[in-house]
Amino acid sequence: MADGWQGIRISFTSDARYLEALRTVIREATGLAGMTEDDLSDVQLAVTEGCANVIRHCYQGCPDERIDVVLTFLEDQLEVRIDDYGKFVDPKHIKGRDLDDLKPGGLGVHLMRRAMDEVIYEKNGWGGTTLILRKRVKQEQEERKDSNA
Amino acid sequence: MAMQVKREEIEGATVLTVKGSVDITSSPELRGELKAALDRKAPRIVVDMGGVTFVDSSGLATLIEALQKTQAYEGQVLLCNLSQAVLGVFQLANLDGIFQIRPTREAALKE
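As given, the protein sequences belong to chains U and L, one line each in that order. Be aware that the first sequence starts at 660, since it is given in my numbering, and climbs by one per residue. Be aware that the second sequence starts at 420, since it is given in my numbering, and climbs by one per residue.
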């Protein structure tokens, strides 16, 4: 790319059945970024939750809307941007439930926040929401050093 | 990998053997299999997750719902054979201390 951008762009329609394919791409991509197996699983989970929220809440389950996922490999972190083309959702209205309150729903946002280092919601240029997920790339060597400490 | 669920009765327990991804598309099927056991108040439900490659919040929600329903009639839900990745999701949600998680199916059936 002329601008030096390194990453993967994926556009898909809001059919939840495509999330499995998306996870396969993420597995390969995070492998290329040198992420550990645990971190790779975290990114798969967070991206799945982010896209599932778009499908459920932004597009109300309609399978024909557009979702863009952009993975960018930065020097020491992986950034994932998830763009929807629905209405902007004020981040103040996005919150998970209290974990001590054991009930079936409301876990997705919480899982994203715990799986990633940063979770940011922004209004995008199309009037929808961009969810930005960032995770530091922890090398296998670093992981081993930590586990031996 | 598309989810597959097999339900069988073993040593007085209802055992669900689950394979593949338990996510927004497949969790309704798992919920249906659990409902069949819950409707007849199965005293012990063992969910063997040895073949589960991925679980998301909808999968967790399905299992929480089953746990709460069994608690209402003093039944049990036991999970077994979780991979490190799947166990990690339970840990992120602070559910590893809520569910009875056993390393093997045999250990779960002994309860």
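Each hint should be verified, as a subset may be incorrect.
To be verified - Partner residues aside, some chain L positions facing chain U, computed with beta carbon under 7 Å:
| id | residue |
| --- | --- |
| 1 | 440 |
| 2 | 443 |
| 3 | 444 |
| 4 | 447 |
| 5 | 475 |
| 6 | 476 |
| 7 | 479 |
| 8 | 494 |
| 9 | 504 |
| 10 | 506 |
Unchecked claim - With beta-carbon atoms standing in for the labels, derived distance ranges:
| id | chain 1 | residue 1 | chain 2 | residue 2 | range |
| --- | --- | --- | --- | --- | --- |
| 11 | L | 530 | U | 670 | 56 to 62 Å |
| 12 | U | 667 | L | 470 | 50 to 56 Å |
| 13 | L | 426 | U | 663 | 51 to 57 Å |
| 14 | U | 667 | L | 425 | 31 to 37 Å |
| 15 | U | 687 | L | 454 | 34 to 40 Å |
Because the hints were derived from the structure by calculation, they are not lab data. Positions of the beta carbon are idealized from the N, C-alpha and C atoms, including for glycine.
Hints, one by one, checked against the model:
1. 440: 6 Å, holds
2. 443: With Cβ-Cβ at 5 Å, under 7 Å, it holds.
3. 444: With Cβ-Cβ at 5 Å, under 7 Å, it holds.
4. 447: It is violated, given that the least Cβ distance between residue 447 of chain L and chain U is near 11 Å, above 7 Å.
5. 475: With Cβ-Cβ at 5 Å, under 7 Å, it holds.
6. 476: Nearest chain U Cβ about 4 Å off; hint holds.
7. 479: 6 Å, holds
8. 494: 16 Å, violated
9. 504: 4 Å, holds
10. 506: 10 Å, violated
11. L:530 <-> U:670: 56 to 62 Å: Violated - the Cβ-Cβ distance for residue 530 of chain L and residue 670 of chain U, about 48 Å, lies outside 56 to 62 Å.
12. U:667 <-> L:470: 50 to 56 Å: For residue 470 of chain L against residue 667 of chain U, whose Cβ atoms are near 28 Å apart, the range 50 to 56 Å is violated.
13. L:426 <-> U:663: 51 to 57 Å: Given range 51 to 57 Å: holds, Cβ gap about 53 Å.
14. U:667 <-> L:425: 31 to 37 Å: 36 Å, holds
15. U:687 <-> L:454: 34 to 40 Å: 36 Å, holds
Checked against the numbered hints given earlier, this structure breaks hints 4, 8, 10, 11 and 12; the rest are met.
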